[in-house]
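*Asks:* Residue numbers (my numbering), protein chains in the order written: chain G, 1 to 334; chain E, 335 to 668.
No lab work stands behind these hints, which were simulated from the structure alone. Positions of the beta carbon are idealized from the N, C-alpha and C atoms, including for glycine. It cannot be assumed that every hint is accurate.
Unchecked claim - Some, not all, of what chain G presents toward chain E, calculated at C-beta under 8 angstroms:
#: 1; residue: T86
#: 2; residue: T88
#: 3; residue: L123
#: 4; residue: P139
#: 5; residue: A147
#: 6; residue: R151
#: 7; residue: R258
#: 8; residue: V260
#: 9; residue: E288
#: 10; residue: F292
Unchecked claim - Sample of chain G residues facing chain E (criterion: CB under 7 angstroms; computed from the structure):
#: 11; residue: L49
#: 12; residue: K51
#: 13; residue: A137
#: 14; residue: R322
What the hints assert, rightly or not - Computed Cβ-Cβ distance ranges for the label pairs, DEER-style:
#: 15; chain 1: E; residue 1: K385; chain 2: G; residue 2: S2; range: 53 to 63 angstroms
#: 16; chain 1: G; residue 1: D290; chain 2: E; residue 2: D527; range: 45 to 55 angstroms
#: 17; chain 1: E; residue 1: A431; chain 2: G; residue 2: T64; range: 55 to 65 angstroms
#: 18; chain 1: G; residue 1: L187; chain 2: E; residue 2: D590; range: 26 to 36 angstroms
#: 19; chain 1: E; residue 1: E364; chain 2: G; residue 2: E268; range: 28 to 38 angstroms
2 protein chains.
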Amino acid sequence: VSPRTVRVALLGYGCVGSSVDRLLTDRADEIEETTGLRLRVVRALVRDLRKPRPFQPPPGVLTTDFGAICEDASIDVVAEVMGGLTPTEDYFRALLAAGKPVVTANKQLLARRGRELARAAELARLPVRFEAAVCGAVPVVRILCEALPPRSVRRIVGVVNGTTNYLLTRMEHGRALDDALDEARDLGYAESDARDDLNGSDAAAKMALLASTAFGTPASLDQVEFSGIADISPRDLEEARRAGRRVRLVGEAAVDDRAVVVRVAPTELDEHHELARVPAAFNEVALEGDGFGRLTLRGPGAGGPETASAVVGDLLAIAAGRATSHLARLGGAA
Amino acid sequence: VSPRTVRVALLGYGCVGSSVDRLLTDRADEIEETTGLRLRVVRALVRDLRKPRPFQPPPGVLTTDFGAICEDASIDVVAEVMGGLTPTEDYFRALLAAGKPVVTANKQLLARRGRELARAAELARLPVRFEAAVCGAVPVVRILCEALPPRSVRRIVGVVNGTTNYLLTRMEHGRALDDALDEARDLGYAESDARDDLNGSDAAAKMALLASTAFGTPASLDQVEFSGIADISPRDLEEARRAGRRVRLVGEAAVDDRAVVVRVAPTELDEHHELARVPAAFNEVALEGDGFGRLTLRGPGAGGPETASAVVGDLLAIAAGRATSHLARLGGAA
Numbered sequence: 001v002s003p004r005t006v007r008v009a010l011l012g013y014g015c016v017g018s019s020v021d022r023l024l025t026d027r028a029d030e031i032e033e034t035t036g037l038r039l040r041v042v043r044a045l046v047r048d049l050r051k052p053r054p055f056q057p058p059p060g061v062l063t064t065d066f067g068a069i070c071e072d073a074s075i076d077v078v079a080e081v082m083g084g085l086t087p088t089e090d091y092f093r094a095l096l097a098a099g100k101p102v103v104t105a106n107k108q109l110l111a112r113r114g115r116e117l118a119r120a121a122e123l124a125r126l127p128v129r130f131e132a133a134v135c136g137a138v139p140v141v142r143i144l145c146e147a148l149p150p151r152s153v154r155r156i157v158g159v160v161n162g163t164t165n166y167l168l169t170r171m172e173h174g175r176a177l178d179d180a181l182d183e184a185r186d187l188g189y190a191e192s193d194a195r196d197d198l199n200g201s202d203a204a205a206k207m208a209l210l211a212s213t214a215f216g217t218p219a220s221l222d223q224v225e226f227s228g229i230a231d232i233s234p235r236d237l238e239e240a241r242r243a244g245r246r247v248r249l250v251g252e253a254a255v256d257d258r259a260v261v262v263r264v265a266p267t268e269l270d271e272h273h274e275l276a277r278v279p280a281a282f283n284e285v286a287l288e289g290d291g292f293g294r295l296t297l298r299g300p301g302a303g304g305p306e307t308a309s310a311v312v313g314d315l316l317a318i319a320a321g322r323a324t325s326h327l328a329r330l331g332g333a334a
Numbered sequence: 335v336s337p338r339t340v341r342v343a344l345l346g347y348g349c350v351g352s353s354v355d356r357l358l359t360d361r362a363d364e365i366e367e368t369t370g371l372r373l374r375v376v377r378a379l380v381r382d383l384r385k386p387r388p389f390q391p392p393p394g395v396l397t398t399d400f401g402a403i404c405e406d407a408s409i410d411v412v413a414e415v416m417g418g419l420t421p422t423e424d425y426f427r428a429l430l431a432a433g434k435p436v437v438t439a440n441k442q443l444l445a446r447r448g449r450e451l452a453r454a455a456e457l458a459r460l461p462v463r464f465e466a467a468v469c470g471a472v473p474v475v476r477i478l479c480e481a482l483p484p485r486s487v488r489r490i491v492g493v494v495n496g497t498t499n500y501l502l503t504r505m506e507h508g509r510a511l512d513d514a515l516d517e518a519r520d521l522g523y524a525e526s527d528a529r530d531d532l533n534g535s536d537a538a539a540k541m542a543l544l545a546s547t548a549f550g551t552p553a554s555l556d557q558v559e560f561s562g563i564a565d566i567s568p569r570d571l572e573e574a575r576r577a578g579r580r581v582r583l584v585g586e587a588a589v590d591d592r593a594v595v596v597r598v599a600p601t602e603l604d605e606h607h608e609l610a611r612v613p614a615a616f617n618e619v620a621l622e623g624d625g626f627g628r629l630t631l632r633g634p635g636a637g638g639p640e641t642a643s644a645v646v647g648d649l650l651a652i653a654a655g656r657a658t659s660h661l662a663r664l665g666g667a668a
């Protein structure tokens with residue numbers, strides 16, 4: 001049986017986008033043997049065609065013209081890994097209008113406009129998935145949408161920003177924030193612009209998405225009370241550490257008679273607490289609920305290949321033609 | 335829109351079976367709102383109609399006649415939660431022959447006969463799922479089959495038997511094995527017959543299933559080198575504990591150029607090791623691989639409601655008509 005070819009386009013070909021292309025190329029045989037599908041990145045939208053790339057696609061793949069993707073009827077599915085709100089939201093809507101299923105890694109867009117985009121996807125009857133938008137390689141969206149009985153989760157608690165987790169771990173050993181941030185950038189644990197990490201809005205966006213997905217009640221970013229780590233002094237962290245305590249940026253979301261509360265704040269924990277022991281740059285999410293008790297997931301929360309792994313999982317589900325739309329969870333009850 | 339009713343039958347109505355019925359009943363509204371489906375347990379096979387049950391189904395549901403399930407064309411899907419090898423394997427094959435998709439919690443049957451049953455399911459073109467057979471509520475099978483790129487896992491390490499994890503935790507504080515076992519039974523952490531737990535064959539069966547699912551190369555139970563905890567003395571455990579060490583029953587599966595090695599053995603670990611810190615009666619599985627790095631899942635590994643949660647996740651996938659057959663992974667490459 002010859003495999004069915006699925007033509008994939010990417011919006012963005014940076015760290016995540018190029019890792020998706022590399023993963024689909026390197027593992028093409030295993031994917032074909034297991035699924036009968038051959039996924040090929042045929043087009044990728046970039047701003048600068050001449051920029052050097054770690055993984056160089058064949059000539060003709062990179063394009064600066066969104067229309068070359070949106071209007072190409074041969075493209076089966078699009079992964080949005082460019083980030084940002086503008087023009088990304090317009091692209092997203094144009095792709096749905098053109099009949100293309102979308103996989104996205106864009107937590108800020110979904111946390112702000114998830115409800116409206118869910119409606120657009122529903123009208124278009126297209127599946128949209130966003131595993132890569134929450135906790136990198138950790139498949140928590142899929143577990144919430146598919147593995148657990150609907151709305152059985154009552155509380156979510158986690159360390160969902162690897163950058164601040166790394167910074168706090170270093171600062172409690174005396175590093176200044178700026179020095180720790182330089183180290184984090186060298187190690188690939190922080191991007192050049194780390195504002196959303198430091199002020200807590202990255203963690204807040206993830207917690208809003210997890211809450212909406214789990215509880216069936218849309219929670220948008222402006223409902224989340226959040227604070228970051230910029231004002232914490234290394235001296236306080238060191239003192240806490242000597243007293244057997246750790247400060248971590250903890251997110252919490254809970255539902256009670258349909259009232260949803262979501263917050264993110266630096267939180268002092270006993271050094272033996274599960275969340276105090278999350279390795280630097282990792283994420284951990286605990287789901288608590290009726291029946292299954294407490295389920296904990298831990299893994300790399302960011303990074304090109306790690307995030308690409310989540311994007312590919314969603315692409316494969318959509319390519320196989322059996323994907324439910326996880327985005328529907330952000331639209332609230334029908 | 336009126337919901338589509340899906341008629342479910344159970345083989346077995348013990349701790350897990352009655353919890354499945356209870357969960358589908360208690361959460362019927364949430365399930366319907368989220369999926370548009372109404373799942374109803376219409377028939378359940380038992381040995382004794384008069385035995386008192388914690389959750390009593392309506393009259394006419396319980397039956398001692400397998401034919402009343404297998405030959406009833408109105409039954410859409412069957413969950414096998416009776417355990418055992420005989421007559422369970424015959425029932426399994428008869429259900430496939432009758433065109434019924436199956437969800438099973440039976441690790442011993444699949445670890446011994448998974449390859450053959452996978453072929454039968456493939457011939458019948460029916461999905462079979464077995465999340466509940468491995469680590470209770472922890473959705474590791476789904477993650478291996480759907481969330482991670484095919485065959486990207488290279489190594490699996492875990493504490494996959496909650497009973498022995500509880501016993502070791504108690505014995506290192508001086509309890510004799512038999513006393514700890516009585517406690518475990520009182521707490522619902524051990525069944526009356528705990529032989530498969532103590533001798534390691536329960537953990538071995540789970541590791542064989544995880545290895546087959548992850549690596550795409552069937553690993554049957556007789557390929558697993560395993561030993562249990564029956565010969566470990568509380569004195570040795572106490573001494574290890576005082577020296578900052580813990581003994582845990584650790585399972586490991588690794589693949590290298592398609593050679594698969596699976597083993598289960600009591601293993602001494604530093605007290606700070608992740609696997610030394612798995613709470614009593616919990617399971618933890620770490621998946622290591624290319625791209626995603628290391629992904630760790632922790633949750634209750636047994637228990638009626640916990641296992642029922644996994645059964646219901648599989649029932650919902652099949653009921654929605656979009657389920658891939660996870661059992662196909664046990665059949666080896668096509």
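*Asks:* Give a verdict on every hint.
*Replies:* Results for each hint:
For the restraint placing G:T86 at the interface with chain E, the shortest Cβ-Cβ distance is roughly 31 angstroms, beyond the 8 angstroms limit, so the hint is violated. Restraint check, G:T88 versus chain E: the minimum CB separation of about 25 angstroms is more than 8 angstroms; hint violated. For G:L123, the shortest C-beta to C-beta distance to chain E is roughly 16 angstroms, which exceeds 8 angstroms, and the interface hint is violated. Contact between G:P139 and chain E, as hinted, is supported at the beta carbon level, the nearest pair being about 4 angstroms apart and thus within 8 angstroms.
Below 8 angstroms, beta-carbon pairs count as interface contacts, and G:A147 has one with chain E at about 4 angstroms; its hint therefore holds. With a cut of 8 angstroms, the hint placing G:R151 at the interface with chain E holds, because the nearest CB-to-CB distance is about 4 angstroms. Annotation: G:R258 was flagged as interfacial toward chain E, and the flag is violated, the nearest CB pair being 12 angstroms apart, outside 8 angstroms. For G:V260, the suggested interface contact is broken, since its CB lies about 15 angstroms from the closest CB of chain E, more than 8 angstroms.
The interface hint given for G:E288 is broken, as the beta carbon of that residue sits about 10 angstroms from the closest beta carbon of chain E, more than 8 angstroms. Residue-level restraint check for G:F292 holds (minimum Cβ-Cβ distance to chain E is 4 angstroms; threshold 8 angstroms). Because the closest C-beta pair between G:L49 and chain E is about 27 angstroms apart, greater than 7 angstroms, the hint is violated. Here the hint on G:K51 is broken, as its CB sits about 24 angstroms from the closest CB of chain E, past 7 angstroms.
Using the Cβ-Cβ criterion of 7 angstroms, the hint placing G:A137 at the interface with chain E is satisfied: the shortest such distance is roughly 4 angstroms. With a least beta-carbon distance of about 4 angstroms to chain E, the hint placing G:R322 at the interface is held under the 7 angstroms criterion. Remark: the range hint 53 to 63 angstroms for E:K385 to G:S2 is upheld by a beta-carbon distance near 55 angstroms. Distance hint for G:D290 and E:D527: a CB-CB separation of about 29 angstroms, inconsistent with the stated range 45 to 55 angstroms.
For E:A431 paired with G:T64, a C-beta distance near 58 angstroms keeps the hint of 55 to 65 angstroms intact. Our hint of 26 to 36 angstroms for G:L187 and E:D590 holds, since their Cβ atoms are close to 29 angstroms apart. At about 35 angstroms, the beta-carbon gap between E:E364 and G:E268 stays in the expected band of 28 to 38 angstroms.
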